[in-house]
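Engineer: This is what each chain is made of:
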Amino acid sequence: MPREFIAFQNYARLIADRNFHMALKNTGIHLMVVFVTVPWLAFMLGFFLSLRKPGYRILRIIFFTPAMISVAAQSMMFMGIYLPEGILNSFLINIGLEELTRVWLGNTSTALGAIIAIDIWGGIGFYGVLFFAALSSLPNELYEAARLDGAGLWVMMWRIAFPLTIDFFGVVLVLQFLWILSGAAQNVLLLTRGGPGRATLTLGYYLYDMAFLTQRLGYSQAIGVVIFITGLVGIILIRRITSKFSYQA
Amino acid sequence: MTALIFTHRRKKPRESSWFFLLIGYFLAILYALLIVIPLVFIVISAFKDNTTIFASPLGLPDKLQFKNFVLAQENVNLLRATGISFFVTVGSEILVLLLAFPAAFGLARFSTRLSPIIESIFGLGFLIPALAIIMPIYLMTARAGMINNPLALIIFYPALRLPITIILLASFMRKIPRELEESAAIDGANIFQIMTKIFLPLSIPGVVTVVVLNFIDIWNEYLFALILMSSDNRTIQIAVSLLKNQRSIDYGLIAAGVLISLVPVYIIFVFFQERIMQGMLAGSIKE
Numbered sequence: 009m010p011r012e013f014i015a016f017q018n019y020a021r022l023i024a025d026r027n028f029h030m031a032l033k034n035t036g037i038h039l040m041v042v043f044v045t046v047p048w049l050a051f052m053l054g055f056f057l058s059l060r061k062p063g064y065r066i067l068r069i070i071f072f073t074p075a076m077i078s079v080a081a082q083s084m085m086f087m088g089i090y091l092p093e094g095i096l097n098s099f100l101i102n103i104g105l106e107e108l109t110r111v112w113l114g115n116t117s118t119a120l121g122a123i124i125a126i127d128i129w130g131g132i133g134f135y136g137v138l139f140f141a142a143l144s145s146l147p148n149e150l151y152e153a154a155r156l157d158g159a160g161l162w163v164m165m166w167r168i169a170f171p172l173t174i175d176f177f178g179v180v181l182v183l184q185f186l187w188i189l190s191g192a193a194q195n196v197l198l199l200t201r202g203g204p205g206r207a208t209l210t211l212g213y214y215l216y217d218m219a220f221l222t223q224r225l226g227y228s229q230a231i232g233v234v235i236f237i238t239g240l241v242g243i244i245l246i247r248r249i250t251s252k253f254s255y256q257a
Numbered sequence: 032m033t034a035l036i037f038t039h040r041r042k043k044p045r046e047s048s049w050f051f052l053l054i055g056y057f058l059a060i061l062y063a064l065l066i067v068i069p070l071v072f073i074v075i076s077a078f079k080d081n082t083t084i085f086a087s088p089l090g091l092p093d094k095l096q097f098k099n100f101v102l103a104q105e106n107v108n109l110l111r112a113t114g115i116s117f118f119v120t121v122g123s124e125i126l127v128l129l130l131a132f133p134a135a136f137g138l139a140r141f142s143t144r145l146s147p148i149i150e151s152i153f154g155l156g157f158l159i160p161a162l163a164i165i166m167p168i169y170l171m172t173a174r175a176g177m178i179n180n181p182l183a184l185i186i187f188y189p190a191l192r193l194p195i196t197i198i199l200l201a202s203f204m205r206k207i208p209r210e211l212e213e214s215a216a217i218d219g220a221n222i223f224q225i226m227t228k229i230f231l232p233l234s235i236p237g238v239v240t241v242v243v244l245n246f247i248d249i250w251n252e253y254l255f256a257l258i259l260m261s262s263d264n265r266t267i268q269i270a271v272s273l274l275k276n277q278r279s280i281d282y283g284l285i286a287a288g289v290l291i292s293l294v295p296v297y298i299i300f301v302f303f304q305e306r307i308m309q310g311m312l313a314g315s316i317k318e
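Chains L and U are the protein sequences, given in the same order.
For this note's numbering, count along the first sequence from 1 and bump the result up by 8.
For this note's numbering, count along the second sequence from 1 and bump the result up by 31.
Just chain U, same shape as in the assembly (with noise of 0.2 Å):
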């Protein structure tokens, strides 16, 4: 590496940099094909027969056809398995932001010298391993009598998602003026109320922020759903992964629950795309 950057010093900097956009934009769109060509590939297969999904990959389908969905949805019942995604993420939605939130509140605000312990606490919270703890994840749900009951994922998927979301919402709220919060204290607020009378509304832009992260995340998450579900309850991530294990592989059938699974979380994306983009970001270097 050194070598080129000695043998480059002495260039004029115009060429140089030609030379670097033009490589820049050759890998750059390559990259780019590589990422959308696959994603093209799924979507046309879901609308197309098993025979010509293989034999012409790109090529459009002759007419939209919507039997790869039907069937998925005889197979795996995909409606289901998507409402119990829906049902398990708007829960472990509302319970995160419930916990998070005053802890968030009383991080960012009252600073005693546990809080900076506190938080680097949650901050080790990143770095467990999943499967470090997915076999006491799981014993315990069985010990509760809660396998297959969507309530323990509801309970558990927090657990994964608060240390990021409460050290997420902290940082925003260090950013709120204290100017605030001091004059209602004068005007005899207490502290319940400062919280979410005055620190709720102007928290607004980092709650959505990690309620778009959270959803992401739990909508997306396989192995603990695996795990601790079964057949009638289980989310759309498992429902797409069984459709594999039919009798012969019907990928017609795969890219139509594929698509599904992929719908909701792409139009979070197109909506917020920069708060996500940001937020993984703050939430990377957190860590």
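So that you can see chain L by itself, here it is in the shape it has in the complex (with noise of 0.2 Å):
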């Protein structure tokens, strides 16, 4: 291995690079469609739950089921979803709905979107059940005082239990935000390998790929640097944005 300090060459190549590029855009798409759907609908998730209606110790188990599933056996469940005949196709037909049937993983305006649906099927009911345990803690008190005003549960929802669990909804950002940045592209690796063509090329897959696929390990490296500092300034704004709403601020 020739050992040459090349300066910043590697991160001039990474700029001008267009598959470095359709990562950094594959990976936005990723993190926004998480970012507008998670943690919002696993929040209302965690506030139904904590009213402790008939049937939420069940629903809590199935929601959490997801998180205690390796990343491996959920792609392999979800190959079997978007396999031409897989089960979502078949869904489609017995519905009525063929025009809409895909082959999921193979098509470049699906596959993206059928590799982000993983993360929003499996989060959505791990955080919602991290938010009812989160809103469980707090005195039943704080709803008393709003109940006589007359306010009703979407209320109490949003104006009193949100507030209160910012700081812990800023926490479910960091944490995906993390793991769309790298743990998801075990996703790409398991399913598409960042195909059709580089439809599902992300930040973390790209790595992955120049580093023990096309063995360019400098390149790697330098990629990894990018995806360490996005994930440091991500961590401190969202930080800033929560700790802003937060009531302690």
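Any given hint could turn out to be false.
Covered stretches of chain L (in silico footprint by chain U; criterion: 3 or more residues with CB under 8 Å from a CB of chain U, positions within the stretch not fixed) [to be verified]: (1) 69-78; (2) 109-115.
Label pairs and their computed distance ranges (CB to CB) [unchecked claim]: (3) L/P62 with U/G176: 58 to 68 Å; (4) L/T222 with U/F57: 40 to 50 Å; (5) L/I69 with U/K94: 28 to 38 Å; (6) U/L64 with L/I101: 13 to 23 Å; (7) U/K94 with L/P171: 23 to 33 Å; (8) L/N102 with U/L182: 44 to 54 Å; (9) L/P171 with U/S87: 44 to 54 Å; (10) L/I128 with U/G176: 58 to 68 Å; (11) U/K94 with L/T222: 44 to 54 Å.
Quick look at which bits of chain U chain L covers, simulated, 3 or more residues with Cβ under 8 Å [what the hints assert, rightly or not]: (12) 98-108; (13) 280-292.
Worth flagging that the hints you see were computed from the coordinates, not collected in a lab.
Please read these numbers as outputs of a predicted model, since none were measured by experiment.
Ideal placement from N, C-alpha and C gives every residue a C-beta, glycine not left out.
Dock the two chains into a complex; use the hints.
Structural biologist: The following block contains the structure:
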């Protein structure tokens, strides 16, 4: 292995690299789609569970189940859903929507969505149950006053429960952010390997590809530095924003 | 969002609660089905012929057949992979506890000006993306000549799990009343005896929680097992993912492998669900 100090050449290449642009774009889409869905739905789910209406125990166990399933097992399961003859397509045919059937992982317009859907599928339940636990520690009196004022559950959810768990909301954003930057690459590796074309090429998977498949070590580490710095900046930003809305602030 | 809040504001509570619960139940049950159906599909498929799997995805098999399990065993040696996974998981668990218990004890019981700094340095461990360290870990393992040696995983996994384990254990130990150790100290016990004779028994609930959380995480780990192990020493997660790489996709085979990989974690989940949920909440907050 020739060892030569090449200063910032890898970074210069990165800026001009179209694959890198694609990876940035796909990771950006992944982040946005997950951020506008998972934390909000998880919070609402957690609030619903925290009302402890009949059935909440069994629902809680079901919602937590995806968190117990490894990425490898989850990917294999979703493969059975997305295959051309898989259960998603057979469901669509059964309800008479045959024209909607796709080769979900082999189609450039649906592959990234199919990968993102895995994180949404498991994320809502996992963080929902954690929100439930966080909300359960709030004293009941907080709701009483609002109830006397005639507030309904929807109002209580957003006006009382939400501000009180905003710090945990920030934690959820951070965990999701780190997962998408790094962990989610495993689903890409297991299901699409960045394809078809570059449709599912994400930052994390690009690093893996460069490190272990294309074997351009230095270059892969430049991507690693980008991931690390993006992660750090993202965490600080999320913290700043959520602490602004926090009661303690 | 604010608009919705204000329009609901003057409504009578009872009506809006009814409506809220109705929608809530509807969405929650819909989501529960979205989780349960794929799982049922996997469980059923494991016992079905490949031709009938997709013809009637949720139809029960005519007769229970274990051909898929036998085939999966022949293809990727699931038994050996399960054995390797158990070996690695148990080994890592022991190493994590041996290192984390004294560290947590130190953090919880000797508060100096350094301890909060040390604890927040441990906390930073959560924030390192796995991909950022994968190459250095691979190169170090290769340099040590330990590629394909399960001991490499036993040494490495504790590094992933130590931060969270130490922080959870330390917060648990802080709740143990000080009087006990003070009376033991008066009786002439040294630090080591206080730790093992008094703290260890009292910390068992906390230890169980971290052991359970670590088991799930280590058993399910895929990425590092993939790059550090090769064919004969692969873990169960790698074996399962390799079932896909046969020439044509035999989904019954995959389902059988997935099912086997899920069983140990699910047994633990059934017995320790409350601890797991509380532990994961505490872990994520401490981040």
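Engineer: Confirm or reject each hint.
Structural biologist: Comparing the hints with the structure gives:
| no. | hint | verdict |
| --- | --- | --- |
| 1 | 69-78 | holds (count 10) |
| 2 | 109-115 | violated (count 0) |
| 3 | L/P62 with U/G176: 58 to 68 Å | 59 Å, holds |
| 4 | L/T222 with U/F57: 40 to 50 Å | 48 Å, holds |
| 5 | L/I69 with U/K94: 28 to 38 Å | 30 Å, holds |
| 6 | U/L64 with L/I101: 13 to 23 Å | 18 Å, holds |
| 7 | U/K94 with L/P171: 23 to 33 Å | 57 Å, violated |
| 8 | L/N102 with U/L182: 44 to 54 Å | 51 Å, holds |
| 9 | L/P171 with U/S87: 44 to 54 Å | 49 Å, holds |
| 10 | L/I128 with U/G176: 58 to 68 Å | 42 Å, violated |
| 11 | U/K94 with L/T222: 44 to 54 Å | 48 Å, holds |
| 12 | 98-108 | violated (count 0) |
| 13 | 280-292 | holds (count 7) |
The earlier numbered hints that this structure contradicts are 2, 7, 10, 12.
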